[in-house]
Every structure is written in structure tokens, then in C-alpha cells.
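Peer 1: Here's the letter readout for the chains.
Number of protein chains: 2
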Amino acid sequence: MTPPPTVLAVATVSDPDVKAGYATDESVGAQAPEHFEVVRARSLDDVVEVMRWADATGTPVVPQGAHSSLTGASVAIEGGVVLNTEGMDSITTIDPLEGYAVAGPGVLNKALKDAVAAEGMFYPPDPASSAFCTIGGNVATNAGGLCCVKYGVTGDYVRALQVVLPGGEVIRTGHRTAKGVAGLDLTGLFVGSEGTLGVVTEVTTRLIPAPDPALTVLATFDSLDAASAAIVALRRERHLPSLVELLDRAAIAAVQALADYGFPDDCEAVLLVQSDRPGHTSEDVQRYAGLLTDAGAVDVAVADDPAEADLLLAGRRALSPALEAEGPRYLEDVCVPVGRLVDLIREGQRIAAERGLEIVMAGHAGDGNLHPSIFFDAADPASRERAHAAFTLIVDAALGMGGTITGEHGVGSLKAPWLPRELGDPMIERQRAIKALFDPRGILNPGRVYWS
Amino acid sequence: MTPPPTVLAVATVSDPDVKAGYATDESVGAQAPEHFEVVRARSLDDVVEVMRWADATGTPVVPQGAHSSLTGASVAIEGGVVLNTEGMDSITTIDPLEGYAVAGPGVLNKALKDAVAAEGMFYPPDPASSAFCTIGGNVATNAGGLCCVKYGVTGDYVRALQVVLPGGEVIRTGHRTAKGVAGLDLTGLFVGSEGTLGVVTEVTTRLIPAPDPALTVLATFDSLDAASAAIVALRRERHLPSLVELLDRAAIAAVQALADYGFPDDCEAVLLVQSDRPGHTSEDVQRYAGLLTDAGAVDVAVADDPAEADLLLAGRRALSPALEAEGPRYLEDVCVPVGRLVDLIREGQRIAAERGLEIVMAGHAGDGNLHPSIFFDAADPASRERAHAAFTLIVDAALGMGGTITGEHGVGSLKAPWLPRELGDPMIERQRAIKALFDPRGILNPGRVYWS
Chain D
1 MTPPPTVLAV ATVSDPDVKA GYATDESVGA QAPEHFEVVR ARSLDDVVEV MRWADATGTP
61 VVPQGAHSSL TGASVAIEGG VVLNTEGMDS ITTIDPLEGY AVAGPGVLNK ALKDAVAAEG
121 MFYPPDPASS AFCTIGGNVA TNAGGLCCVK YGVTGDYVRA LQVVLPGGEV IRTGHRTAKG
181 VAGLDLTGLF VGSEGTLGVV TEVTTRLIPA PDPALTVLAT FDSLDAASAA IVALRRERHL
241 PSLVELLDRA AIAAVQALAD YGFPDDCEAV LLVQSDRPGH TSEDVQRYAG LLTDAGAVDV
301 AVADDPAEAD LLLAGRRALS PALEAEGPRY LEDVCVPVGR LVDLIREGQR IAAERGLEIV
361 MAGHAGDGNL HPSIFFDAAD PASRERAHAA FTLIVDAALG MGGTITGEHG VGSLKAPWLP
421 RELGDPMIER QRAIKALFDP RGILNPGRVY WS
Chain L
1 MTPPPTVLAV ATVSDPDVKA GYATDESVGA QAPEHFEVVR ARSLDDVVEV MRWADATGTP
61 VVPQGAHSSL TGASVAIEGG VVLNTEGMDS ITTIDPLEGY AVAGPGVLNK ALKDAVAAEG
121 MFYPPDPASS AFCTIGGNVA TNAGGLCCVK YGVTGDYVRA LQVVLPGGEV IRTGHRTAKG
181 VAGLDLTGLF VGSEGTLGVV TEVTTRLIPA PDPALTVLAT FDSLDAASAA IVALRRERHL
241 PSLVELLDRA AIAAVQALAD YGFPDDCEAV LLVQSDRPGH TSEDVQRYAG LLTDAGAVDV
301 AVADDPAEAD LLLAGRRALS PALEAEGPRY LEDVCVPVGR LVDLIREGQR IAAERGLEIV
361 MAGHAGDGNL HPSIFFDAAD PASRERAHAA FTLIVDAALG MGGTITGEHG VGSLKAPWLP
421 RELGDPMIER QRAIKALFDP RGILNPGRVY WS
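Protein chains in written order, with the UniProt record's numbering: chain D, 1 to 452; chain L, 1 to 452.
Be aware that a few hints might be false.
Chain copies aren't distinguished; within one or between two, either way the pair holds.
[To be verified] Simulated pairs of lysine to aspartate or glutamate, DMTMM-like, Cα-Cα distance not exceeding 20 angstroms:
{"id": "1", "residue 1": "K150", "residue 2": "D95"}
{"id": "2", "residue 1": "K435", "residue 2": "D305"}
{"id": "3", "residue 1": "K110", "residue 2": "E385"}
{"id": "4", "residue 1": "K113", "residue 2": "E237"}
{"id": "5", "residue 1": "K150", "residue 2": "D212"}
{"id": "6", "residue 1": "K110", "residue 2": "D294"}
{"id": "7", "residue 1": "K435", "residue 2": "D310"}
{"id": "8", "residue 1": "K150", "residue 2": "D45"}
Since the hints were derived computationally from the structure, they do not count as laboratory data. Remember, it's a predicted structure, so these values are computed and weren't measured experimentally.
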């Protein structure tokens, strides 16, 4: 592998320990390759330089933000360069009048949210990794989060992009005006392209007026059917909740094993529901509480001040650390019609029982987006194989219900085997052809999303 | 030109008078070519058949809905086929739980709105042509309307598409689940592609809960600066208005010339503002009225019941017929930053005065999307030339203010000369290359959007 050009010497990481820190992401079993370089870009020029050189030399490039991807999309590639853009972390504009902000790809999701909140504005997308994931990574995966049931996903809040293509060409997509329909919408094409088309170097995000601090309702159910009825009732609400999260029996047990969050140990499901409607969060959560009771909730707790609301959500927030603590797992991300969500949970429970596996199910119930965690023993290849088989069965089940293989994490390496099944081979070929237009030598994230 | 295949004989229009009705759209000076065919597709199979035949024979195809385009995007092409999809007008699904509807491309915008309203749901996009334009045409142009200041544009409400490509391949883009990020977003690519990539045969639209019937505030201003201050204040409102329309002095005169809508004849601008916030429209319009007064409105009228609100809006609705009645005109569609809107109006007025033209300016002030009408005498080529020169100057002015050549009408033939200036030649080449992937023989709307 030819070393990067001199001008980038200063941005190339030489310390092997530091380098190793950029080699993998958060995906299961991610492994560092033997030979790779890491460049920490500090500017557009750095990115242009790397993309020029990489294209000329045919060097694979892995665009990388906080490498918190759960699918292997930002793991280093043998003989390739990790092009990390965390250092491009300036917010250059916040314009409440025109309703947009301009941010570098390395700006943390939470940093952008906080900065625009100080101007009375709201940038809704809120992946669970908000505190440490970057806007560039959010754009690459079209990240979702907890807010999507009311507010939609990252793509709904991207107005324009600056992107560097292989070879170093800098393009701008979209527009900063409120409307604009001149030519094809390439912004949408880049959002969710997982680093396969270009390297995002600037993001113009749409902003909306800030909501109120959210209030919370927590309801427990002794049957999944009752929980399903509650979700259906909430979906028919005129004022959509800003959050509808579900934990199944195994998820509740996992959280309670970490600390006592007050969840009863004999219930089938917990639903957490929020409203952030300006001036009416209290009225909303009271009404939601009534709906949840009518749907058959065993117990309903309403937090009618923000501090209490935060406490009620603590159990949900403890889920990720609780699951981390349990050991290695496949983390699923299927999305099904909301009306089929509990069918999918039941199918997961059936698979767990049949195969002797621990499968914890939780997710964004209001969107039908479930994140089953399928645990295995890292020291036991057979256990891992069983877990992977279960993972496969759950993806199959979701597809069979009219769902998708990925609601918000992306395809990466983890889901690449299923993509042809969801899209069909002719569509895969068409998407590959689009990729080839932007990346004719195939240097960007090769082997990811579309199998080589 | 080879005639269409036998199976389509029944769908091909033979009566010359009927055929002539499909030859043009609503764009200025649209002229029917000498030789063309019209096929009225009734089904997916019809479209597939035409696209197979057209690709094999290299026959140009103009996809067409209600041919209400203002840019020439749906005018027949010499030696080509107009492929009209108005007859594919079924709404096959309205699913309030999953939040979507499935409609044929020929469904009228208003028909879809009404059908989903009956289920308590809302499909926001509302071009002024709502009563007669089709969803297929709305998708083709990424149509906007009056609601966009609060709700966004057509693209924000399209979840999935079925599209027939040249050669007859049927593809599906997007997903029906609330979230889904598997592969590239081709839905966004087709939305706004103006019939250059494929023929949309089915649209899955996102639906949201229905708002309240709107209430209206009408304010008159004796200076454009005061009107601008009012627009800025409204944009900073936590509860965004669902409509912010502006009429300039010339627009007010045009409306008053049609009938007395109660507009004073000595004011510089009228602003119409609506709220449809459930349970709070009255509170909102009262607050908006206060903002408008504070910004310097001379007179403010608040309609606090829906019937009265409708009356207040009558003057705005009369604008289109009033302008139609005045004679032929170039109809502009530029969009600039909201903070520059009155600069653009002043520039238009300066051009009108300098060149002895009548230019009426009105539009979606909350989005910075202005629709100047530049009148000319059809019998006088010099007058038409002067009008076109003014049209050019206004587009130039908008681009100079960081705006776009088209906010919502599209490029078509009318704006094609400016597209390279807005996008740059390298981007045009890239977009052409994308087009060529879907339409390698260039049979779809040739010469539109991208000049041949």
C-alpha cells in the first residue's frame, strides 16, 4: 500500500495503539485487518486529497465518523484507509429564520441538538447513541431513533450536502431555501448510502421550532395482545406521541438485573410513551394513560413534570448498558408494520425457547422497529452459530410480515446477505450501477452493503 | 412513427379533437407538434406495453397526468407518444394505523385528500391546482403548495413508488413500513424527476393525523418592509402557521379588478396567514394578529370561524382566475431565502417600471417562494420579448440572492436554460448519467429538464 501523500502526513495516524482505536466499530465480532492506514481529516482539503490519492491508487476508503456503527459499515479494510471526519466538527451556521443549520460531519448529534436548542430550535433525529455519534454517520445511515414516531428520520431533516467523490471532486446537493426542485434529488441518494457513494463533508440540516420538555407515561401489561392494542390506539391518536418504546419480559428482566428500576417481574411488556407538545404535554400524557388503561394495562404511571418523566425513562435508558453487561450478542434492527409487531415478538420468543437462546426484545414500538438482542457465548462457536441461525430466522420472519431487514442501523456487512432478498437482484444491479457512476473504481467501502 | 402495438389499439386516441386535448399543458405558449400519438393507460400492463414498444422503437414518451404543468414538462413531442395515466385513478388502500395510502398516478390530489380525510387522516401537499392535478404529476414535479411552510412538499409524503422503466421493467422503490434504510433511496430520486427516469404507476403516500379546519388572519401593509418584518416574526413563531401568502400592490389591483374582495387600493402588500393547529387555531390566529400589528400592519382582520376564514381567503383564491383573465404571461416560480423575499419583490417592481411591463407578484411568503406573473401582448412579439427579458432578470436576481430557479413548478422546458447555471455543468453531466442508467436510449421526455 502506497503511503498517503505528503501533505497528509500530519493527519495520518502512526501510533499503532491510536490506530487500533479506529480499526473497528460496534458491530458484533468486528475485527481489525492487518494492514490499514488511518487519516484524521481536519478539513475539506484533507478529504479531497485522500480521495484523489485513493482513487488514483485504487486504495479502499472507509469513511468513518464515531465508528459506532452496529453493522460493520465503518470497520477498516485490509490494505485500505480509514478516513475519519470526527475532527470536522464545526457548526458554522444556525439560522432560525430560514430554519437550517450547517454542520461539519464530525459534529456530535447531541452537540447539534444542544446548539440549536439554545436558539429555540429543534433538530429531532435522536439515535440512542446521540451523545457520541456524529451527524456524518447519521447521514450515512439515515439514522432514526426514539423520536421517529412523531418526527421522522435523519433524511427528513437534511436539506443539502457537500460531498467529496472518489477522485476528489466536490459536489453540492440540495438547496438551502425552504423549497427547491431544480434537477434530481441527489441529497436523498447520499443519505443512507453508508459511505458507498462519497464522503460527506458538510450537512445543512432543517430545523423546526423547539417542543416542550417531554412528559412520560409508563404502562405494564400482562399480555402482548394488550400491549399491541395500546400501540394501535396510540397510533390512531390525533396528537402522536413523541416516543413509544416497548420492552418485552426478557428486556425487563435484563434491566432489573442491572438495578431496580421498579419494573414488576411478572409482566409481559412495558410501554413507555411521551408527549412533547408545546403547552399540552400534561394533557396528552393523561389522555395516553387513559388509552393504555383501556387497552388493558395492568399498571399505568404518569410523570407530569420533566424530572419525574426523566426518572420513568431511566429503565429504558438502562437497557443498552444492561444488555452490554450480559455479553456478546447479535443486535437486530428489523422493522415491520406496526400491527405485526407483537407477532414478531412472539416469533422471537418461540425461536428463543426452541433453540435454548436468550433473546431480549425491545424497540421503537410506534414505528414497528424492533431491536432483538440474541446472546451467545463468545467462547463457544456452536452457541454463536445457534445465535446466528436465530438472527437469520428473525430477519426471515420480518420479511415475511412485509417488513424490512433494517429500520435504522443500515446494511453494512451484517445485513448484506439479505439485501438481494429484500430488493431483488435487478434492483441490486441498478443500485450498483448508480454506485459505479460516483465510484467507478469501487474504492468506497467495497464489499459493504452490496457484496462484491 | 410505428403505431403502438395491437394490444394498445383500444387505449390509443384516434379522434383528432380528443387527441389535441392532450397535446399541451398550461405553460406559456405551449404548442402541439404535428405528429404524435396519445395513449390513455388504464393499467400497469398498458404502461409496460407502451414502455417496451417505445424503447424498442426509440419513440419519445411524454408521461402525462392532468397536463396542468406550468413549465412544458407534459407537452407532446414531435414523433412521440403522450402516455397519459389519468385513468389509473384508484385508491386501493387507506391504512390509518400504518399511516399510508396507496393511489394510482391518476388520482386527483383533492380526491386523495378527501378520501383520507374521511378516515381522520391528512395528506398535506396542496398545489393550487389541487382540484384537477394528479398525484402522479405531483410526484413528477415534487409539487408544493400553500401548506409547505408548515408541512413540507410532496416528497415528504411519498414512502414508496412503483415505476415502469423504458423497456418495460417494473421496479418498486421505498418501503411501506414507518422506517426502512435497506439500500439507496431511489424514491427520492424519482420524486421531482419530471418524467425523465420512469413512469410512476403507483404511489404509497405517508399520511398524518388530520388538523383542525383552518382559521385566517388578513393584514394589509403600507410598506414592503413592514410586511417583511411580519413574515420574519411569523417564521420565528413556535407554532408555525399552516399558510403565509403574500400579494403585492399589483396583485391586489388584479384581484380587485375581478371583483371587490375588500382589499384597500392604496396598500403595498396583503398577507394572509392561517393556523390549523388542533384545538388552538383561534388562539394562534389571535396571536398572529398581534404579531402582524406589531410588525406595522395598517389593518388586521381575524376570522375565527371556518366559514369566515374561507371568506377572508377568497381574495387569494381569486388571484389565479384574475391573472388568467388579464391575458398571456410568463409565470415565475423562484424561491429565495425568506429574509430576501421583499428584496426580490422590489427588484421585480423595479424591472416592471424600467421596462414598462405589468408584473404581478404573489406567492408563498413563508417559504420565500414567489410566483411573479409577467404579462405581455400575445399579438406583439416585441412585448413578449420584453416580458421574457424581465423573466430572465428575475431568475438572475433570485439566483443572486442564494435562491433557486424553481421552488415547486419544476424545470420542464421553461427553466431548462438556467439549470446548468444553478447546478453547474459537472452536476448536470452527473444527473444525465443517472438518467442514462434508467433510460439509456433517452426516450423519456427528451429535451426537457436537461437540454439535448
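Peer 1: Hints first: check each against the structure and report whether it holds.
Peer 2: Quick rundown of the hints versus the structure:
{"no.": "1", "hint": "K150 <-> D95", "result": "between (23 angstroms within a copy, 17 angstroms between copies)"}
{"no.": "2", "hint": "K435 <-> D305", "result": "neither (49 angstroms within a copy, 54 angstroms between copies)"}
{"no.": "3", "hint": "K110 <-> E385", "result": "neither (37 angstroms within a copy, 54 angstroms between copies)"}
{"no.": "4", "hint": "K113 <-> E237", "result": "between (27 angstroms within a copy, 19 angstroms between copies)"}
{"no.": "5", "hint": "K150 <-> D212", "result": "both (14 angstroms within a copy, 18 angstroms between copies)"}
{"no.": "6", "hint": "K110 <-> D294", "result": "neither (36 angstroms within a copy, 36 angstroms between copies)"}
{"no.": "7", "hint": "K435 <-> D310", "result": "neither (43 angstroms within a copy, 50 angstroms between copies)"}
{"no.": "8", "hint": "K150 <-> D45", "result": "neither (38 angstroms within a copy, 38 angstroms between copies)"}
Violated hints, in rising order: 2, 3, 6, 7 and 8; the structure is consistent with all others.
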